[in-house]
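Protein chains in written order, with our numbering: chain A, 13 to 549; chain B, 3 to 95.
Hints are computed from structural coordinates only; laboratory data are not their basis. Just so you know, not all the hints are guaranteed correct.
From the structure, some residues in chain A lie toward chain B, with a derived Cβ separation under 10 Å [as the list claims (entries may be wrong)]:
1) Thr79
2) Glu231
3) Arg503
4) Ala505
5) Asp509
6) Ile515
Taking CB as the label site, the calculated pair distances span [stated by the list, open to error]:
7) A:Asp407 / B:Leu53: 15 to 25 Å
8) B:Thr32 / A:Ala184: 54 to 64 Å
9) A:Glu108 / B:Asn6: 29 to 39 Å
10) B:Thr58 / A:Ala118: 41 to 51 Å
11) B:Thr58 / A:Ser55: 33 to 43 Å
12) B:Gln27 / A:Ala354: 24 to 34 Å
13) A:Tyr242 / B:Ile66: 13 to 23 Å
14) A:Ser528 / B:Asp10: 55 to 65 Å
15) A:Val56 / B:Thr32: 40 to 50 Å
16) B:Thr58 / A:Pro402: 51 to 61 Å
Below are the DSSO-like pairs computed for lysine-lysine, each with C-alpha atoms no more than 27 Å apart in a straight line [said to hold, decoys possible]:
17) A:Lys81 / B:Lys78
18) A:Lys530 / A:Lys340
19) B:Lys78 / A:Lys260
20) A:Lys81 / B:Lys14
21) A:Lys260 / B:Lys16
22) A:Lys340 / A:Lys433
23) A:Lys340 / A:Lys166
24) B:Lys16 / A:Lys81
25) B:Lys14 / A:Lys260
26) A:Lys166 / A:Lys390
27) B:Lys85 / A:Lys260
Nothing here was measured: the structure is a model prediction, and the numbers come from that model. Glycine is no exception: its CB is placed at the ideal position from the N, C-alpha and C atoms.
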Amino acid sequence: MPGCRPDVVTYGRLITDAARYVSLLKSVGVGRDDVVLCISPTSVDLIFAFVATTLIGAVPAMLPFPTPKLDPDEYHHRLSALVAYTRPAAILTTPELKDELTEHLAGEGWLGRVLSWEDAVRQGVEFVVDDAVSMEADGPAVLQYSSGTTGLQKGVVLSHRALFNHLRSYTAAISLAPDDVVVSWLPLYHDMGLIAGFLMPLLTRTPLVLMSPLDWVREPGMLLRAVDTYRGTLTWLPNFAYSFLAAKVREDDLQGCRLDSLRAVINCSEPMSAHSHDLFARRFSPYGFHPDALATCYAMAENTFAVTQGGIGRPSTQDVIDGAALAKCQRAQPVSADCPTAKTMVSAGSPIDGVHVRVVSDGYEDLFNREIGEIAIKSDCMLTEYFHRPDLTADAFHDGWFLTGDYGYVADGQLYVTGRKKDLIIVGGSNIYPNDIEAAVNTVAGVHPGRCVAFGLYDEQTGTETVVVIAEVDGEDERHHQAIKSTIRDRVARSNDCVVRRIHLVRSPWLLKTSSGKIARRANREKYCHEMGIDAW
Amino acid sequence: MADNYSTDDASKLKAFIARDIVRDQSVTLTDDQPLMSSGLVDSFALVDLSLFIENTFGVRVPDIDLTPERMDTVAKILTYVGKLRRNVKDPAS
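Start from the sequences and build out the full structure, keeping to the hints where you can.
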């Protein structure tokens, strides 16, 4: 919290405080391999809960908590579905949320317990090191979920072996050293925040300065002041944060701030933009920020975290290609910077140790010579499975290679990510599934049922994607249309906690369908861009 | 009732929100229309609002006051600004 004194947690305190949660969890019968959901804003208690779960050999899963904007019914509906198939032994949460969660999960046939921080305080027991459970290396260490109704179906199970293999490779890739200090505002329920911004520092004895994203979004400068105060050397950010920080931090909030300690600011979790990097470098160089610290990464929970890493010890690589050729012939053709359709791609770097990357065609053949294909990976830090979903797990692999669903190319040993197969929208580093948005839009009176589409468009000003919805409606009455737009915004916000920036209401028939009769997202996106005179790429 | 802020200030704020935050000039806003809870504006806009308030009305907005609830309507924002300008002890109340 800005203005508050920091809460310091030493390893000693971590174990002593986690001990209270250990005895609490044991008292309700939580044991080895049981799943425990941890639902809370970032706090020391959340960390104790997570560590305690691990200490008894259970499997922690960090989840987002209800926020005022999201419709509570929607949140609880999703949580109930997740509880029904995950069958956690317990949920650890804040005192404020305990009653609400208990009430909504009652009568759902779930036999686990909802516990809060206050239940732990009453325990007051000492933790004896011999209590530590010995684990199997390939047993489940942590469970990670993506967001949205669609995302919550895929719980990524990571084994202890995968986690430690990854830490070994990733710390080498970033040259982690004893004098490093990690500074982070990232939420712990996403892989970047969980791994880079929590478990990696924890398990490597690297000091971590952790802030809640709720506080950071109101006061982005707090990240930079923390870098100055604690001489932070490493931080990870989604692309939009570079633009956001550059534009929104007040001059007087940076009085006397020195950012020269930062040796790597690692861009990760959504498509990267050279422009966002430039804005950040220009704004903060006067405060000692070294532009060489701009680093990049391509990561996913299924690979524990990082697949590739770039820009450490050398500047990040950029590739100037023809954007039009990219869109039309699926090839990254180099062009000079003054070409009107030139597009600067930022490389995500090269694979970390133990990770192999291929670019494959639809027929799973290797592609070379800068041709765009699906990125496939094989590594020693992959997920064990999607929890209780052998079907989804099997579908995700081909011949032992994990199909990422992302498109890209390799040039000079560097990976460039160009797009996504499944039309996933990423706003501010968070995954948003178009079907979830379309489902909400379809409930709005006035929208022809099933006749809407949602997709993302990159916005250079914010450095992230903007959500666009196109819906077929009747008539031309402007006031009626404004009311429909209003309702669309409201419904989407309540069910998905995201803002639809552009709503385009059209008369039937406008939307294109695929040969199997489904709304063709990609084709509609291109049609919209063409009509608006926007570059689709 | 807009008796603690001027319609001129309200117009400036609404124009800013429509133009720079929602980025759709066809959107018309009322003083009491929910901004964040209706999905019109997201939490990243809180910082935009505070910068606009500081630059336009010459007051300093403490970050702790930047909550979706307090900033959810034009009327609430301007009432809060009014208190800041008059140097009220706890403008966030």
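How the hints compare with the structure:
1. Thr79: 9 Å, holds
2. Glu231: 4 Å, holds
3. Arg503: 8 Å, holds
4. Ala505: Since chain B brings a Cβ to about 3 Å from alanine 505 (chain A), closer than 10 Å, the hint holds.
5. Asp509: 9 Å, holds
6. Ile515: Status holds, d = 9 Å.
7. A:Asp407 / B:Leu53: 15 to 25 Å: 46 Å Cβ-Cβ, so the 15 to 25 Å window is violated.
8. B:Thr32 / A:Ala184: 54 to 64 Å: 58 Å, holds
9. A:Glu108 / B:Asn6: 29 to 39 Å: Holds: the Cβ-Cβ distance is about 32 Å, inside 29 to 39 Å.
10. B:Thr58 / A:Ala118: 41 to 51 Å: 50 Å, holds
11. B:Thr58 / A:Ser55: 33 to 43 Å: 35 Å, holds
12. B:Gln27 / A:Ala354: 24 to 34 Å: 31 Å, holds
13. A:Tyr242 / B:Ile66: 13 to 23 Å: Holds, at about 22 Å.
14. A:Ser528 / B:Asp10: 55 to 65 Å: 56 Å Cβ-Cβ, so the 55 to 65 Å window holds.
15. A:Val56 / B:Thr32: 40 to 50 Å: 43 Å, holds
16. B:Thr58 / A:Pro402: 51 to 61 Å: 58 Å, holds
17. A:Lys81 / B:Lys78: 17 Å, holds
18. A:Lys530 / A:Lys340: 23 Å, holds
19. B:Lys78 / A:Lys260: The given pair, whose Cα atoms are some 22 Å apart, holds under the 27 Å limit.
20. A:Lys81 / B:Lys14: 26 Å, holds
21. A:Lys260 / B:Lys16: This hinted pair holds, its Cα atoms lying about 20 Å apart.
22. A:Lys340 / A:Lys433: 16 Å, holds
23. A:Lys340 / A:Lys166: 33 Å, violated
24. B:Lys16 / A:Lys81: Roughly 21 Å between the alpha carbons, so the hint for lysine 16 (chain B) and lysine 81 (chain A) holds.
25. B:Lys14 / A:Lys260: 20 Å, holds
26. A:Lys166 / A:Lys390: Holds, at about 19 Å.
27. B:Lys85 / A:Lys260: Holds, at about 24 Å.
Of the numbered hints given earlier, the model fails hints 7 and 23; all others are met.
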